[in-house]
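Those sequence lines, one after another, are chains U, S, F and X. Numbering of the first sequence is given in my numbering, commencing with residue 42 and proceeding in unit increments. Numbering of the second sequence is given in my numbering, commencing with residue 42 and proceeding in unit increments. Numbering of the third sequence is given in my numbering, commencing with residue 42 and proceeding in unit increments. Numbering of the fourth sequence is given in my numbering, commencing with residue 42 and proceeding in unit increments.
These aren't lab readings, by the way, just hints derived from the structure by calculation. Treat the hints loosely; a few may be bogus.
Because identical chains cannot be distinguished in the list, a pair is counted as satisfied if it fits within a single copy or across any two copies.
What the hints assert, rightly or not - Simulated crosslink set (BS3-like; lysine-lysine; CA at most 30 angstroms straight-line):
no.	residue 1	residue 2
1	176	157
2	104	91
3	48	120
4	104	157
5	104	120
6	130	120
7	157	169
8	173	157
9	91	157
10	130	173
Chain residues, written in single-letter form:
4 protein chains.
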Amino acid sequence: MIKFNHKVRILYRDIDYMGIVYYSRYFEYFEAARNEMLRSIDLPYTEFEKRGDAMPVVESYCKYREGARYDDVLIVSSKVTEFPHSRIKIEYTIRRQNSDIIIADGYTIHAFMNAKGRASKPPTYFLKALEKSWKDYE
Amino acid sequence: MIKFNHKVRILYRDIDYMGIVYYSRYFEYFEAARNEMLRSIDLPYTEFEKRGDAMPVVESYCKYREGARYDDVLIVSSKVTEFPHSRIKIEYTIRRQNSDIIIADGYTIHAFMNAKGRASKPPTYFLKALEKSWKDYE
Amino acid sequence: MIKFNHKVRILYRDIDYMGIVYYSRYFEYFEAARNEMLRSIDLPYTEFEKRGDAMPVVESYCKYREGARYDDVLIVSSKVTEFPHSRIKIEYTIRRQNSDIIIADGYTIHAFMNAKGRASKPPTYFLKALEKSWKDYE
Amino acid sequence: MIKFNHKVRILYRDIDYMGIVYYSRYFEYFEAARNEMLRSIDLPYTEFEKRGDAMPVVESYCKYREGARYDDVLIVSSKVTEFPHSRIKIEYTIRRQNSDIIIADGYTIHAFMNAKGRASKPPTYFLKALEKSWKDYE
Numbered sequence: 042m043i044k045f046n047h048k049v050r051i052l053y054r055d056i057d058y059m060g061i062v063y064y065s066r067y068f069e070y071f072e073a074a075r076n077e078m079l080r081s082i083d084l085p086y087t088e089f090e091k092r093g094d095a096m097p098v099v100e101s102y103c104k105y106r107e108g109a110r111y112d113d114v115l116i117v118s119s120k121v122t123e124f125p126h127s128r129i130k131i132e133y134t135i136r137r138q139n140s141d142i143i144i145a146d147g148y149t150i151h152a153f154m155n156a157k158g159r160a161s162k163p164p165t166y167f168l169k170a171l172e173k174s175w176k177d178y179e
Numbered sequence: 042m043i044k045f046n047h048k049v050r051i052l053y054r055d056i057d058y059m060g061i062v063y064y065s066r067y068f069e070y071f072e073a074a075r076n077e078m079l080r081s082i083d084l085p086y087t088e089f090e091k092r093g094d095a096m097p098v099v100e101s102y103c104k105y106r107e108g109a110r111y112d113d114v115l116i117v118s119s120k121v122t123e124f125p126h127s128r129i130k131i132e133y134t135i136r137r138q139n140s141d142i143i144i145a146d147g148y149t150i151h152a153f154m155n156a157k158g159r160a161s162k163p164p165t166y167f168l169k170a171l172e173k174s175w176k177d178y179e
Numbered sequence: 042m043i044k045f046n047h048k049v050r051i052l053y054r055d056i057d058y059m060g061i062v063y064y065s066r067y068f069e070y071f072e073a074a075r076n077e078m079l080r081s082i083d084l085p086y087t088e089f090e091k092r093g094d095a096m097p098v099v100e101s102y103c104k105y106r107e108g109a110r111y112d113d114v115l116i117v118s119s120k121v122t123e124f125p126h127s128r129i130k131i132e133y134t135i136r137r138q139n140s141d142i143i144i145a146d147g148y149t150i151h152a153f154m155n156a157k158g159r160a161s162k163p164p165t166y167f168l169k170a171l172e173k174s175w176k177d178y179e
Numbered sequence: 042m043i044k045f046n047h048k049v050r051i052l053y054r055d056i057d058y059m060g061i062v063y064y065s066r067y068f069e070y071f072e073a074a075r076n077e078m079l080r081s082i083d084l085p086y087t088e089f090e091k092r093g094d095a096m097p098v099v100e101s102y103c104k105y106r107e108g109a110r111y112d113d114v115l116i117v118s119s120k121v122t123e124f125p126h127s128r129i130k131i132e133y134t135i136r137r138q139n140s141d142i143i144i145a146d147g148y149t150i151h152a153f154m155n156a157k158g159r160a161s162k163p164p165t166y167f168l169k170a171l172e173k174s175w176k177d178y179e
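The task is simple: from the sequences and hints, build the whole structure.
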């Protein structure tokens with residue numbers, strides 16, 4: 042398993058008339074979180090780009106449990122629990138800082154695409170980076 | 042069943058470096074589509090607001106099949122196939138104009154909230170509007 | 042002068058807690074408006090892209106006079122009043138449909154960039170398209 | 042003068058097909074920066090909200106000098122150089138981390154609105170907070 046906690050401050054741009062975060066914004070927080078999770082295993086997404094590879098989102102899901110509000114600080118935990126064979130699933134849980142209550146949770150599923158724009162297996166350098174950081178949590 | 046087709050033109054604001062629509066933007070198109078679907082049954086969402094009611098999103102999902110590109114015109118079809126008892130599910134299918142290929146599809150699930158901010162049954166005026174426009178498609 | 046009116050429906054994604062459109066969103070409406078203005082003179086921006094040219098924004102400005110609200114229909118008028126020699130200025134005025142009250146107005150200034158990524162003069166095909174549609178308004 | 046540096050990491054959500062940040066996004070970074078500048082003088086914007094006051098944007102401007110790219114870390118410096126009598130002007134300069142080259146700069150002008158929704162003078166608690174932190178820079 043790899044895991045990372047990313048902090049997000051809620052701004053006016055994020056909230057709607059009900060005073061809570063607009064529902065599609067959570068997917069932007071998911072992106073921020075997975076971006077930093079990849080960096081945490083020494084494989085920033087720019088490495089994929091340099092080699093012409095990509096990891097396009099093929100599915101996304103979010104469950105909204107409580108509305109996050111303006112100026113809240115959210116902790117977006119992202120994790121990968123299954124070693125990827127073809128696609129990779131990243132799971133996210135969002136809590137307010139210093140709180141156990143879950144605001145929202147969800148996942149994204151990503152395919153892999155090589156420099157020719159074709160669907161591919163996960164690149165070897167990615168699997169190696171995952172292996173190096175993979176830990177058992179009990 | 043109620044059903045509505047809404048047209049969206051893709052702009053630079055929508056696309057990312059890969060030249061395709063950024064994944065969270067589809068949820069904004071879903072909002073545009075359901076907004077117009079409600080108007081098409083003579084119940085614009087502003088009617089909910091006037092009465093203090095709301096229809097917050099509690100789940101959202103999207104499957105990305107093909108990337109939509111800058112200046113594409115997309116047809117976002119939204120539909121409700123099950124008459125709502127507590128929550129309502131709205132389904133969306135996105136195609137390029139004059140094409141049968143599905144770009145993306147997904148759904149949103151909405152709860153109902155009354156003027157006191159409490160979870161509630163679907164309001165009667167909403168059920169009546171649905172009934173009036175409900176049609177069988179074979 | 043060239044001129045075009047573009048219609049925009051305000052959604053939940055656009056508004057903030059004060060119930061009015063978030064200030065940066067107007068620049069997205071400006072993009073939508075200039076996109077359609079270019080199409081109206083038979084030169085959709087995709088034509089620039091096919092030739093490797095671009096028209097990057099170098100300055101943008103907006104004055105907010107009245108807040109636009111959820112479900113409002115806005116008319117975004119864009120116009121070019123000065124024939125471009127190096128850069129081009131596009132001006133925008135936003136009103137609610139069937140109203141003379143100005144919600145917001147502003148401008149964007151664009152440079153021209155050729156296929157080599159260098160600053161350039163406005164391309165000839167663009168000047169021709171402007172000339173063909175240029176009209177005097179009194 | 043009050044002054045604050047805020048850090049922003051560029052994500053895929055921010056960039057467009059040219060690989061650079063979409064022009065309206067800079068105004069979101071401006072909001073993030075002024076939000077943290079207010080917190081730095083012990084007056085988070087939530088304090089305005091608690092009292093029913095608001096500081097709506099009435100003008101915004103940005104000059105784009107260089108394109109910021111995916112995964113760049115930007116330093117958004119915001120400052121107030123003139124003590125506000127009616128409106129307040131906040132200026133922003135954006136640089137890449139560890140670089141002196143200016144990516145973009147601009148300003149926002151804000152009015153003040155009281156709990157009755159009327160234009161007002163800057164509230165006393167705001168002027169006091171500014172005074173307390175006001176410094177001369179030479």
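Here's how the hints hold up against the structure:
In this assembly of identical chains, residue 176 and residue 157 lie within 30 angstroms of each other by CA distance neither inside one copy nor across copies; the values are 33 angstroms within and 47 angstroms between. In this assembly of identical chains, residue 104 and residue 91 lie within 30 angstroms of each other by CA distance solely across copies; the values are 27 angstroms between and 34 angstroms within a copy. Proximity of residue 48 to residue 120 under the C-alpha cut-off of 30 angstroms is found in both arrangements, the shortest distances being 15 angstroms within a copy and 25 angstroms between copies. Proximity of residue 104 and residue 157 under a CA criterion of 30 angstroms is satisfied inter-copy only: 23 angstroms between copies versus 35 angstroms inside one chain copy.
Taking CA atoms no more than 30 angstroms apart as the test, residue 104 paired with residue 120 passes in both settings, with 16 angstroms inside one copy and 20 angstroms between copies. In the homo-oligomer, the alpha carbons of residue 130 and residue 120 lie at most 30 angstroms apart both inside one protomer (9 angstroms) and across protomers (28 angstroms), since each shortest distance falls under that limit. Taking the shortest Cα distances, residue 157 and residue 169 sit within 30 angstroms of each other inside one copy (22 angstroms), while across copies they are farther apart (38 angstroms). Taking identical chains as interchangeable, the C-alpha atoms of residue 173 and residue 157 lie at most 30 angstroms apart only when both belong to the same chain, with a minimum of 28 angstroms there against 42 angstroms between chains.
In this homomeric assembly, residue 91 and residue 157 come within 30 angstroms of each other (Cα to Cα) both inside a single copy, at 13 angstroms, and across copies, at 21 angstroms. For the homomeric pair residue 130 and residue 173, the shortest alpha-carbon distance inside one copy (18 angstroms) is at most 30 angstroms, but the shortest distance between copies (42 angstroms) is not.
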